[in-house]
Amino acid sequence: MKRVRIIVQRYNPKVDVQARYDEFEVTAERWTTVLDALLYIKAHIDHSIALRYSCRMASCGSCGMLINGIPRLACYTKVYELGTDTITCKPLPNFPIIRDLATDFKAFFAKHKSMRPYIINEDIDDSNAKEFIQKPEEVEEYLQFSYCIKCGLCYSACPTVATDRLFPGPQALAQMYRYLIDSRDKAIDERLRIVDDRHGVWRCHFAGSCSSVCPKGVDPALGIQLLRAYLLGHGKERKKIAELYIKKL
Amino acid sequence: MVRESSIMKVHYYTGLAAIVLVAIHVMFRLTAPGGYYASLEYENVIANYSNVSYVVVLELILVTVAIHGFNGLRVILIELKQGEAWERAVKWLCIAGAIAVMVYGTRTIILASMML
Amino acid sequence: MDKGMKENREGIKGWLNPSRYGISRFAYWLQRLTGLGLLAYFIAHISETSNIVYGKEAWDKMLSLTQTTVGHIILIIVIGMCVFHAANGVRLYAAEHGKGIGRAGRPEYPYRPTSLNIAMKASIWISVVLAVIAMLYGAYVLFLSEA
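The listed protein sequences derive, respectively, from chains A, B and C. No gaps in the numbering here: position 223 of the first sequence is 223 in this note's numbering, and each next residue is one more. No gaps in the numbering here: position 94 of the second sequence is 94 in this note's numbering, and each next residue is one more. No gaps in the numbering here: position 73 of the third sequence is 73 in this note's numbering, and each next residue is one more.
No wet-lab data here; the hints were simulated from the structure. Computed from a predicted structure; not experimentally measured. Check before you lean on any hint, since a few could be wrong.
Stated by the list, open to error - Lysine-lysine pairs mimicking DSS-like chemistry, simulated, CA-CA at most 30 Å apart: (1) C:Lys121 / A:Lys236; (2) A:Lys111 / C:Lys56; (3) A:Lys113 / C:Lys13; (4) A:Lys216 / C:Lys99; (5) A:Lys150 / C:Lys99.
Unchecked claim - FRET-style restraints, in silico, Cβ to Cβ: (6) C:Ile126 / B:Met115: 37 to 45 Å; (7) B:Val55 / A:Ala107: 48 to 56 Å; (8) A:Asp125 / B:Ala85: 21 to 29 Å; (9) C:Ile73 / B:Val55: 26 to 34 Å; (10) C:Ile126 / A:Lys248: 55 to 63 Å; (11) C:Ile126 / A:Gln134: 49 to 57 Å; (12) B:Ile7 / A:Lys248: 45 to 53 Å; (13) B:Val55 / C:Tyr54: 29 to 37 Å; (14) B:Leu30 / A:Arg165: 30 to 38 Å.
Glycine included, each C-beta is placed from N, C-alpha and C at the ideal position.
Work out the full structure, taking the sequences as your base and the hints as a guide.
So, in structure tokens, the structure goes:
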């Protein structure tokens, strides 16, 4: 058990000209997460701190924030693991601030939507169609990218997103690869045309920061390099087209 | 309309080619008879231009490094600021810069070859 | 309302602090820096060596300006930049063509990303070491060989 100092950035864009930093002291146990500490502050010291959270188990992706300079999920970061008694919480960079630690995800979701994140396959017009036949190794081509919880940590960490507002970001590009390589999807040319752009996949320079902050093992940098390799003509043998199982009457 | 993937393929290939070509250029200085400093003497530099293969290497270095370097600059500049007018200006300035360097360097090579 | 704060983008500051995310981010930062430095040197080099067409006097004057201690130090830095940029560039070429970054699979906790594997990290270190060796050799040739 120890006393720790939590510094929280406070900023209301409707009212404040610039941010201020409020300090609080909290008792932390071995198992206390940063989210626990912030909710304690909100419950007992300052009710007005705005922050987002939901599942408290790294499943919903709501509580992303900058903790001691690195984008992390507050529910997934233990106070003790930070190795310091001073913890600074700021809103995720590269997202507009709504208030305090809550940020606006509209642009992030819009970029994700622009990648057409759904199976595109015109073959499903037979009323007797049951399912696509997909082997386990075909599932493994895209499975890890489907673990994405859209927490936005990768988007915050990316150096290209930091300056290029037209860049889709690591999350969107990894999802593009997730659907491209899925054997049930047939819109290969259309997907490649979307990312083969001045501000598309080519503006990734493999800094790898996205993968180093991802809490779910998605490894978006891998997805983006595999997407780029596909565009350059490599790895096409990994793309299979799934058969549709049609029940014969 | 040139696709970005085509531009980046050129960026990759000019980068790889430049490694080999610049290595040859540097080796010429390091393995010259008399040592590095002797190879920088006026007479020895001019004598290099009698070697047609070396002249071709110098010209190829000009082309590959200019294209690779100015395309890299274009990428950094369009990542820093976006907008049609800015991106168009950056594109044309980088093309102009690359051509200017290539023309100026080629002029040097041609004039130096004529001085033999 | 401060527009910069409302957008909350890191901006170029996001490029300037490479120490937060491990060696891959550091390599990205150094690749950009060396690229710009090499472009500047390339233009300067074409300009200075073009003095050959103005005859021996002009050439010797150029040499007297560049073959100085400061000139040698700049050249040693350029050698380091060149070797790092080339070696790291080869690593990026391989990675961006899907080689050396592993395969997609079923990640298990603690989720070590396969794209930031030992081969990639070692390649970055090798690039730095090669650059240092080249700089030391360059320093030996420039400062210790017969002038």
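Outcome of the hint check:
no.: 1; hint: C:Lys121 / A:Lys236; result: holds (27 Å)
no.: 2; hint: A:Lys111 / C:Lys56; result: violated (60 Å)
no.: 3; hint: A:Lys113 / C:Lys13; result: holds (28 Å)
no.: 4; hint: A:Lys216 / C:Lys99; result: holds (23 Å)
no.: 5; hint: A:Lys150 / C:Lys99; result: holds (27 Å)
no.: 6; hint: C:Ile126 / B:Met115: 37 to 45 Å; result: holds (43 Å)
no.: 7; hint: B:Val55 / A:Ala107: 48 to 56 Å; result: holds (53 Å)
no.: 8; hint: A:Asp125 / B:Ala85: 21 to 29 Å; result: violated (46 Å)
no.: 9; hint: C:Ile73 / B:Val55: 26 to 34 Å; result: holds (31 Å)
no.: 10; hint: C:Ile126 / A:Lys248: 55 to 63 Å; result: holds (59 Å)
no.: 11; hint: C:Ile126 / A:Gln134: 49 to 57 Å; result: violated (40 Å)
no.: 12; hint: B:Ile7 / A:Lys248: 45 to 53 Å; result: holds (51 Å)
no.: 13; hint: B:Val55 / C:Tyr54: 29 to 37 Å; result: violated (19 Å)
no.: 14; hint: B:Leu30 / A:Arg165: 30 to 38 Å; result: violated (47 Å)
In this structure, the hints that do not hold are numbers 2, 8, 11, 13 and 14, in rising order.
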